[in-house]
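Sequence positions in the sequence shown follow the working numbering and run 2 to 183.
What the hints contain is simulated information worked out from the structure, not anything from laboratory work. Check each hint, because a few of them may be wrong.
[Said to hold, decoys possible] Below, a list of computed lysine-lysine pairs in the DSSO-like style, where the Cα atoms sit at most 27 Å apart:
(1) K83 - K119
(2) K59 - K83
(3) K108 - K166
(4) K98 - K59
(5) K91 - K178
(6) K172 - K36
(7) K83 - K50
(8) K88 - K98
(9) K6 - K59
(10) K6 - K83
(11) K6 - K50
(12) K50 - K119
(13) K36 - K6
(14) K161 - K178
(15) K144 - K166
(16) K119 - K144
(17) K166 - K119
(18) K6 - K88
[Unchecked claim] Label-pair ranges, simulated between beta-carbon atoms:
(19) E100 - K170: 18 to 24 Å
(20) K36 - E159: 31 to 37 Å
(21) D175 - N120: 16 to 22 Å
(22) N122 - I49: 48 to 54 Å
(23) E159 - N122: 26 to 32 Å
Since the model is a prediction, treat every value here as computed from it, not as a measurement. For every residue, glycine included, the Cβ atom is placed at its ideal position computed from N, Cα and C.
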Amino acid sequence: MKLSKTISKILILLLTLLLINTSTSCSSKTPDYYKVTEIHDGDTITIIKESFLGIFVKTERVRLIGIDAPELEQEPWGRRAKNYLRKLIKESDWQIKIELDVQHRDKYGRILAYVWDKNGNMINYMMIRNGYAMLYTIPPNVKYVDLFVEAQRLARQEQKGIWGKEGLKEKPSDWRKQNPRN
């Protein structure tokens with residue numbers, strides 16, 4: 002008899018915690034910031050999408066809209082782009098905001114987003130502007146295309162990163178055509 006009362010109390014406590022968590026998460030559609038858990042390359046990260054009592058319940062890959070960073074195999078620029086993205090995310094204490102455009106996911110199921118650091122800087126823009134990625138616009142996600150075009154123009158003019166003398170030899174999209182995924 003005591004055991005069933007204890008189990009009942011535990012179940013009531015768990016249901017109460019679940020209701021509290023559900024009601025607070027339903028009241029706000031998205032959190033202000035998402036924690037980044039992994040940098041995959043120069044244009045893809047993983048964020049914690051949902052957690053329960055501090056435990057990661059769901060993570061999601063996020064593909065930065067409007068940019069195309071060198072593939073990791075495109076040495077040394079793939080590694081440099083990944084490291085620069087890591088630096089930007091780390092400077093934001095691994096906390097980012099995301100902004101969606103018209104199409105929310107790509108054919109691989111990744112979230113498509115503009116990513117903002119804690120100071121309000123768009124990381125997609127900084128990757129292009131500092132020469133670690135190039136413009137890669139796929140309609141209908143074109144909200145900031147003019148900003149990205151200008152960022153790339155300036156990076157090329159200043160010969161930053163991939164646009165410098167020892168820059169990228171082949172566009173990432175061309176490299177992928179020559180080296181398709183299995």
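Results of checking the hints against the structure:
Proximity of K83 to K119 is assessed by CA-CA distance (about 19 Å); at most 27 Å being required, the pair is judged to hold. Note on K59 and K83: the hinted pairing holds, with a Cα-Cα distance of about 23 Å set against a maximum of 27 Å. Distance hint between K108 and K166 is unfulfilled; the C-alpha atoms sit about 35 Å from each other, more than 27 Å. Using a Cα cut-off of 27 Å, the hinted pair K98 and K59 holds, with the two alpha carbons roughly 17 Å apart.
As the CA atoms of K91 and K178 are separated by approximately 32 Å, the hinted pair breaks the 27 Å bound. Taken as a hint, the K172 and K36 pair is broken in the structure, with Cα atoms around 30 Å apart against an allowance of 27 Å. The straight-line distance between the Cα atoms of K83 and K50 is roughly 22 Å, inside the 27 Å bound, and the hint therefore holds. For the given pair, K88 sits about 16 Å from K98 by alpha-carbon distance, which is consistent with the 27 Å threshold.
For the hint pairing K6 with K59, the CA-to-CA distance comes to about 33 Å; that exceeds 27 Å, so the pair is violated. Straight-line distance between C-alpha atoms of K6 and K83 comes to about 54 Å, which puts the hinted pair past the 27 Å bound. A threshold of 27 Å between alpha carbons decides the hint, and for K6 with K50 the separation of about 36 Å lies outside it, so the pair is violated. Restraint check for K50 and K119: the C-alpha separation of about 17 Å stays at or below 27 Å, so the hint holds.
Annotation: proposed proximity of K36 to K6 is violated, straight-line Cα distance about 39 Å (limit 27 Å). Distance check on the hinted pair: K161 and K178 sit about 25 Å apart at the alpha-carbon level, within 27 Å; holds. For the proposed pair K144 and K166, the alpha carbon gap of about 31 Å is over 27 Å, so the pair is violated. For the given pair, K119 sits about 21 Å from K144 by alpha-carbon distance, which is consistent with the 27 Å threshold.
Restraint check for K166 and K119: the C-alpha separation of about 33 Å exceeds 27 Å, so the hint is violated. About 53 Å separates the Cα atoms of K6 and K88, which puts this hinted pair outside 27 Å; it is violated. Checking the proposed 18 to 24 Å range against E100 and K170 shows it is violated: the Cβ atoms sit about 33 Å from each other. For K36 and E159, the hinted distance range of 31 to 37 Å is satisfied, since their beta carbons lie about 33 Å from each other.
At about 34 Å, the beta-carbon gap between D175 and N120 misses the expected band of 16 to 22 Å. Restraint check, N122 to I49: a C-beta distance of roughly 21 Å breaks the suggested window 48 to 54 Å. Take E159 and N122: their Cβ atoms lie about 18 Å apart, and the range 26 to 32 Å is violated.
When held up to the earlier numbered hints, the structure conflicts with 3, 5, 6, 9, 10, 11, 13, 15, 17, 18, 19, 21, 22, 23 and fits the remainder.
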